[in-house]
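Q: Build out the structure end to end from the sequences listed, making use of the hints.
Respectively, the protein sequence lines represent chains B and Z.
According to full-length UniProt numbering, the first sequence holds residues 1 to 510 in order.
According to full-length UniProt numbering, the second sequence holds residues 1 to 323 in order.
Just so you know, the hints here were simulated from the structure itself, not pulled from any lab data.
Here the structure is a predicted model, which is why all the values come from computation and not from measurement.
Hints are supplied without guarantee of correctness; some may be wrong.
Now the in silico label distances, taken between C-beta atoms and shown as ranges [stated by the list, open to error]: (1) Z:Leu270 / B:Glu108: 43 to 49 Å; (2) Z:Ala202 / B:Gly191: 47 to 53 Å; (3) B:Gly373 / Z:Val93: 34 to 40 Å; (4) Z:Ala202 / B:Thr320: 53 to 59 Å; (5) B:Glu247 / Z:Val93: 53 to 59 Å; (6) B:Asp178 / Z:Lys251: 51 to 57 Å.
Cβ atoms here follow ideal geometry from the backbone N, Cα and C, with glycine treated the same way.
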Amino acid sequence: MAENAIELIGINKSFGAVRANRDIALEIPRGTIHGIIGENGAGKSTLMSILYGFYQADSGEIRVNGKPTAIKTPNDAIAAGIGMVHQHFMLVENFSVLENVILGAEGEALLTKSIAKARSELRRLEKEYGLEVDPDALIEELPVGLQQRVEILKALYRGAEILILDEPTGVLTPAEADHLFRILEQLKEQGKTVVLITHKLREIMAITDNVSVMRQGTMVATRKTSETTVEELAELMVGRRVLLRVEKGEAKPGAVKLAVKNLTVKDSRGVTMVDDVSFDIRAGEIVGIAGVAGNGQSELMEAVSGIRKAVSGTVMLDGTPIDLTGQADPGELRDRGLAHVPEDRHHVGLVLAFDESENSILGYHDKPQYLKGPFLNLEAIQKDAQDKIEKYDIRPANPRLKTANFSGGNQQKIVLAREIEQDPGVLIVGQPTRGVDVGAIEFIHKRLIAMRDQGKAVLLISVELDEIRSLSDRILVMFAGRVVGERGPETSEGELGLLMAGVEHKEAAE
Amino acid sequence: MEFVDTLINILNSTIRVSVPLLLACLAGLYSERAGVFDIGLEGKMLAGAFAGAAAAAVFASAWIGLLVAVLVSVGMALIHGFASITHRGNQIVSGVAINFIAAGSTIILGQAWFQQGGRTPSLPPEGRFGAIHLPGADALRDVPIIGQLYSGLLSGHSLLTYVAFLAVPFTWWVLFRTRFGLRLRAVGENPAAVDTAGISVAWLRYRAVICTGILTGLAGSYMALAQNAGFVKDMTAGRGYIALAALIFAKWKPVPAMFACLLFGFLDALSIRLQGSPLPVIGKVPVQLMQALPYILTVILLAGFIGKAIPPRAGGVPYVKER
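A: Structure representation (structure tokens):
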């Protein structure tokens with residue numbers, strides 16, 4: 001039985017009201033590659049940042065090589081032999097590789113000697129691990145794969161025995177990722193311990209010895225990779241929840257309301273997030289998009305609702321095209337009857353410093369019913385807000401209260417009320433029940449079904465598989481930017497889970 | 001030979017007017033390279049000039065004046081640091097506040113202490129930094145050109161002038177050859193990289209603004225204790241801002257910073273020299289236009305003649321750990 005390189009006992013960490021880690025226990029045997037898997041926001045990165053001393057846990061104990069170790073700053077972690085490759089590289093872009101490697105580990109006040117030492121040390125590491133990189137190249141001139149290699153070199157130069165990699169393949173091409181895995185194997189052979197954080201099941205199965213699954217801030221399970229399956233991990237990761245079945249009748253799909261054709265979207269780094277996606281939504285149906293967070297759903301939704309530019313493709317709303325590549329204009333889309341409930345209500349959906357009543361008309365504030373000449377008709381706005389508060393049971397029932405003072409569930413209702421009450425023909429909803437309590441979930445689900453029954457087209461994007469299955473009339477599964485399958489709502493969770501994990505069609509059908 | 005004399009004369013005054021610019025520019029370089037924008041160079045110089053002149057007048061010692069000037073400037077730099085590093089305040093607002101505090105308090109205190117309308121008493125010779133004559137300067141005075149340059153241009157400046165020009169290679173050495181410099185440059189580009197490397201971002205930035213304080217103190221001392229014999233209200237007259245322009249023009253590099261300051265100084269010297277005397281071809285040019293020349297050039301240069309000036313990437317942004 002190998003000794004544990006890392007042992008975490010009862011780690012808790014909250015950011016304000018959000019409990020990012022609760023009561024985490026974890027053992028990582030020395031000389032292994034240990035995967036930590038979970039969806040975005042499951043608390044993996046927070047946990048590793050605690051281990052690296054970037055954040056401090058509210059409570060709990062860290063043991064390194066069996067010894068309780070206080071890790072208050074990255075310095076403590078480095079001294080304990082822990083190195084980290086962050087998801088967003090911690091490199092100075094206009095510095096050379098050498099300068100980046102020695103930063104913080106210079107040794108003495110003058111650089112000449114430390115640079116010479118680092119140069120020979122890099123040569124040694126290059127030989128030992130196959131980590132070749134030009135020591136004098138500027139970081140900004142290197143491709144991301146090599147930049148990542150510099151991060152690994154940085155950790156090894158500091159004598160790291162335990163290497164944490166946070167979502168290392170997110171920015172890599174498949175070939176670069178394979179190369180990285182070979183390097184990790186080599187590190188393992190040399191007796192180093194590697195912790196790999198990811199939400200990609202393929203990587204876990206390909207390279208790890210053990211895998212721990214996190215969900216919503218808790219550690220759900222730890223398995224030997226050889227004794228588990230993709231299916232089990234997907235299930236653990238997404239989580240089975242008590243089914244909240246919503247009563248709904250047969251869908252009566254009508255004319256096509258929204259037609260998406262060959263849509264391709266890139267994110268700000270230039271990585272293709274939505275890759276040639278096509279689908280239709282008809283009046284009177286709910287189409288759900290399932291997928292592990294980060295597989296392009298968000299970008300798809302943003303492009304269709306006019307927030308993000310698309311690279312190519314067409315979107316037709318009621319038979320007329322939406323200008324996708326030009327300057328996006330969500331306001332115009334709203335006028336044309338496409339409403340949008342964003343995934344992130346705090347950053348995109350609401351102005352938290354505004355009154356409830358102001359948020360309840362935001363984006364529609366230039367409609368005649370809210371105006372009196374060039375001025376806002378405050379009376380009408382208050383009355384309108386009061387109506388919505390009653391209809392959606394928003395609490396506290398005070399339209400003058402600052403929006404920040406409402407709970408998450410009630411904030412979500414404010415956004416939903418605003419968008420639904422404008423009676424749009426097409427409604428795009430992202431994560432409608434994220435952070436919402438059970439009672440409100442049921443209410444929101446009923447509202448969405450009611451929209452459908454009124455003959456509206458609803459596009460639902462959610463990482464909650466139950467929600468997708470209970471609301472949708474058709475389910476599209478997205479993986480790595482593509483729609484990899486279309487299924488009916490009766491499809492089993494297991495089958496959807498496999499599709500979401502990117503397991504090929506044929507395998508899934510078996 | 002008259003031409004050579006005139007030229008040496010202009011170059012000589014170029015050096016004189018460049019020194020406060022250069023010291024202020026290098027001061028700004030330390031701070032901005034560490035990611036703390038400093039529009040308060042002007043205020044720190046002014047406060048340093050006043051404090052230096054006041055102390056030199058009271059103690060009749062240039063050295064005590066210099067020390068007090070530096071202490072006061074560093075104190076103000078620390079206020080800027082406290083607002084913008086510890087409390088993550090807006091660096092521009094903090095810098096402007098420093099300028100206002102300096103502009104107002106120097107006049108009020110000057111009037112309260114010396115009752116000379118905001119001036120400090122005229123300094124005796126021992127309260128000033130006098131000209132240093134380099135060895136052999138007098139003997140070489142009559143050797144054409146080389147001797148003239150040596151005795152007329154290189155020799156005969158105050159100690160602070162030599163310090164200012166030596167500060168250029170020194171700053172280069174600090175930035176590019178020492179651990180402190182490496183970290184300073186890194187924290188201005190990507191403080192998160194510095195933080196994850198186990199280095200305190202705040203302490204590093206504080207050290208940078210202390211360097212800024214020391215150099216602005218020297219700049220103020222030069223104006224009050226070497227260039228002039230005492231403090232006059234608003235005596236910095238926007239040099240802190242010109243120094244900032246020079247810093248951008250020099251793309252935050254020490255040696256180009258020196259040339260930028262010399263260029264601005266040369267234009268200044270030229271405009272003084274040419275006032276009233278007719279130019280060939282153009283004829284007589286209004287005095288105001290000549291005086292505006294350095295500023296017009298500043299605008300033109302900054303408007304795009306220098307290529308892309310990329311400021312330190314983390315400049316102006318308080319460091320907050322990501323969540």
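Q: Using the beta carbons of Z:Leu270 and B:Glu108, state whether their distance is inside 43 to 49 Å or not.
A: Holds, since Z:Leu270 and B:Glu108 (Cβ atoms, about 47 Å apart) stay within the stated range.
Q: Just tell me: holds or violated, for the beta carbon distance of B:Glu247 and Z:Val93 against 53 to 59 Å?
A: holds, 58 Å
Q: Lying within 51 to 57 Å: is that true of the beta-carbon distance B:Asp178 to Z:Lys251?
A: violated, 41 Å
Q: Can you tell me whether the CB distance of Z:Ala202 to B:Gly191 sits inside 47 to 53 Å?
A: violated, 37 Å
Q: Could one say that the CB atoms of Z:Ala202 and B:Thr320 fall in the range 53 to 59 Å?
A: Roughly 55 Å apart at Cβ, these two residues keep to the hinted range, so it holds.
Q: With respect to the beta-carbon atoms only, verify the hint that B:Gly373 and Z:Val93 lie 34 to 40 Å apart.
A: Cβ of B:Gly373 to Cβ of Z:Val93: about 37 Å, so the range 34 to 40 Å holds.
Checked against the numbered hints given earlier, the structure breaks hints 2, 6 and satisfies all the rest.
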